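> Below are the chains, spelled out letter by letter.
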Amino acid sequence: MTAGRLRAALAAGRFVVTAELGPPRGADPGAIARKAALLRDWVDAVNVTDNQGAHVRLSSLAGSVLAQRAGVEPVMQLTCRDRNRLALQSDLLAAGALGVPNVLLLTGDHPRFGDHPDAKPVFDLDGVQLTWAARTMRDEGLLMSGRPVATPPSWLIGAVENPFAPPREFRARRLAKKVAAGAEFVQTQYVFDVDVFARWMTDVRALGLPGRCKIIAGVGPVRSLRALEFMRSGVPGIHVPEDVVRRLRGVPTDQVARAGIDLCVETIQRLAGIPDVAGVHLMAFGFEHGVPEIIERAGIGPRLAPVPGGPP
Amino acid sequence: MRSADAAPGGPRPVRPRLAARLAYGVHHLMAANSLYRGLAAWLERHPHAVRLFTAGERAAKEQLFGCRMCGQCALPATGYSCPMTCPKQLRNGPCGGVSRTGLCEVYPELRCVWVTAFERAEAAGHGTDLDLLQRPLDHREGGRSSWVSYWQGRDEDLWVSAEGPAPRPSLRPELPLVPR
Numbered sequence: 053m054t055a056g057r058l059r060a061a062l063a064a065g066r067f068v069v070t071a072e073l074g075p076p077r078g079a080d081p082g083a084i085a086r087k088a089a090l091l092r093d094w095v096d097a098v099n100v101t102d103n104q105g106a107h108v109r110l111s112s113l114a115g116s117v118l119a120q121r122a123g124v125e126p127v128m129q130l131t132c133r134d135r136n137r138l139a140l141q142s143d144l145l146a147a148g149a150l151g152v153p154n155v156l157l158l159t160g161d162h163p164r165f166g167d168h169p170d171a172k173p174v175f176d177l178d179g180v181q182l183t184w185a186a187r188t189m190r191d192e193g194l195l196m197s198g199r200p201v202a203t204p205p206s207w208l209i210g211a212v213e214n215p216f217a218p219p220r221e222f223r224a225r226r227l228a229k230k231v232a233a234g235a236e237f238v239q240t241q242y243v244f245d246v247d248v249f250a251r252w253m254t255d256v257r258a259l260g261l262p263g264r265c266k267i268i269a270g271v272g273p274v275r276s277l278r279a280l281e282f283m284r285s286g287v288p289g290i291h292v293p294e295d296v297v298r299r300l301r302g303v304p305t306d307q308v309a310r311a312g313i314d315l316c317v318e319t320i321q322r323l324a325g326i327p328d329v330a331g332v333h334l335m336a337f338g339f340e341h342g343v344p345e346i347i348e349r350a351g352i353g354p355r356l357a358p359v360p361g362g363p364p
Numbered sequence: 160m161r162s163a164d165a166a167p168g169g170p171r172p173v174r175p176r177l178a179a180r181l182a183y184g185v186h187h188l189m190a191a192n193s194l195y196r197g198l199a200a201w202l203e204r205h206p207h208a209v210r211l212f213t214a215g216e217r218a219a220k221e222q223l224f225g226c227r228m229c230g231q232c233a234l235p236a237t238g239y240s241c242p243m244t245c246p247k248q249l250r251n252g253p254c255g256g257v258s259r260t261g262l263c264e265v266y267p268e269l270r271c272v273w274v275t276a277f278e279r280a281e282a283a284g285h286g287t288d289l290d291l292l293q294r295p296l297d298h299r300e301g302g303r304s305s306w307v308s309y310w311q312g313r314d315e316d317l318w319v320s321a322e323g324p325a326p327r328p329s330l331r332p333e334l335p336l337v338p339r
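Taken in sequence, the protein lines are chains A and B.
The opening residue of the first sequence carries number 53 in the working numbering; numbering runs sequentially from there.
The opening residue of the second sequence carries number 160 in the working numbering; numbering runs sequentially from there.
No wet-lab data here; the hints were simulated from the structure.
Since this is a predicted model, take the numbers as computed values, not measurements.
Ideal placement from N, C-alpha and C gives every residue a C-beta, glycine not left out.
Fair warning: there could be bad hints in the mix.
[To be verified] If you anchor each label on the Cβ, the simulated ranges turn out as follows:
1) 266/B <-> 85/A: 46 to 52 Å
2) 149/A <-> 176/B: 27 to 33 Å
3) 181/B <-> 169/A: 35 to 41 Å
4) 170/A <-> 187/B: 41 to 47 Å
5) 107/A <-> 268/B: 44 to 50 Å
6) 328/A <-> 266/B: 32 to 38 Å
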């Protein structure tokens, strides 16, 4: 593995593929190694999630190190939900010292949706402020306190955005704030409505963001009608348009999973045709073994060495 | 009225009870000048007076905006919709969990304060306020009068333009590490 593969691919303008890797609820390092082995040859990097959905898991820092040992480049997610500014900055330093090449900074889900709804929500900083603090730490060698950092870290800074949530007219501008604060790449919420996404991309281009920040579109296969319902009503911020719902409900129950994969492949291909989309981020929880098929059928990914800008 | 801090479950979205135009107008009337600066300086020298003044500010802003007395008022830059009533207390815009109809993900029966902020600021011609970078809060200021801080010029850098030379996130890293 080469550290900085994602950075190099983005810099070269190659269509990148990242995937989600959720750490286990347990202390088994093998759980990460097994998922990493499934994804290793197919993706540029994996996002190691940080107590995703406010459910306790092995920490994203440890998960990132384990992923790295298993031969896949990590993107360490770090949320503002569980840590104040001291803990956030010390984890960012730790990631630097342990050679984690990418961090993804986000506000995080509210604990109310997790397995500890009784927890104190921290939110000392928001996602924009955390991005800002990280950039200052890396580029100016300063903590938020103004004190110098002896050896600044060198990770690439990522952020997230949801092009589909209201107020939609503000969503590209919100990304502009993150870019001003220091975000160098952004991964989006699941794209099921490519038209709305394309309109958001038009706003993003109008603000001149693609030259400063690489846009990676979030995608994932719907595996069942139950999963579809969960995405529509159980997860805040996911927008599934009616035509997608009709399409998935219109097939026999035993073929929904297949139809979900077809839809995911088509979505990736349409996204690859949108100017300035730098890659896709695959979220396939518990379906890591299906990721290679999706990547292969979509005609993208490191193995096929596609032309810059994605497949035709 | 029950204090916002005593409300169960932490911050809950509050819909402002003062029209945005009126709020901008009030702010204009109370904009920092030498008179207010003098008043603020006098208040800070008189603990009883500043306590009374702060109690009045709290009562008024709690009624009108659901104020939680963070002590570093963002209202003039958020269409007078208080970001501290967001369950995540986001100062820089809405999270990604806003429902299709503009409702809060944590309290789905309540409107997202940033959707309200966007509508109010845009309608009042203050839309670009939302593009400003809001600095992290100084939690030592909690419970203090934001008006007094503002008149004394201490809140001048609460938010900065996202354009131009890269600013630093902390409001006053040069200040001593002990509270005032």
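> With reference to the structure, classify each hint as holding or not holding.
Cross-check of the supplied hints:
1. 266/B <-> 85/A: 46 to 52 Å: violated (41 Å)
2. 149/A <-> 176/B: 27 to 33 Å: violated (50 Å)
3. 181/B <-> 169/A: 35 to 41 Å: holds (38 Å)
4. 170/A <-> 187/B: 41 to 47 Å: holds (44 Å)
5. 107/A <-> 268/B: 44 to 50 Å: At 24 Å between Cβs, range violated.
6. 328/A <-> 266/B: 32 to 38 Å: For residue 328/A and residue 266/B the Cβ distance comes to about 36 Å; the hint holds.
In the structure shown, a violation is registered for the earlier hints numbered 1, 2 and 5, in ascending order.
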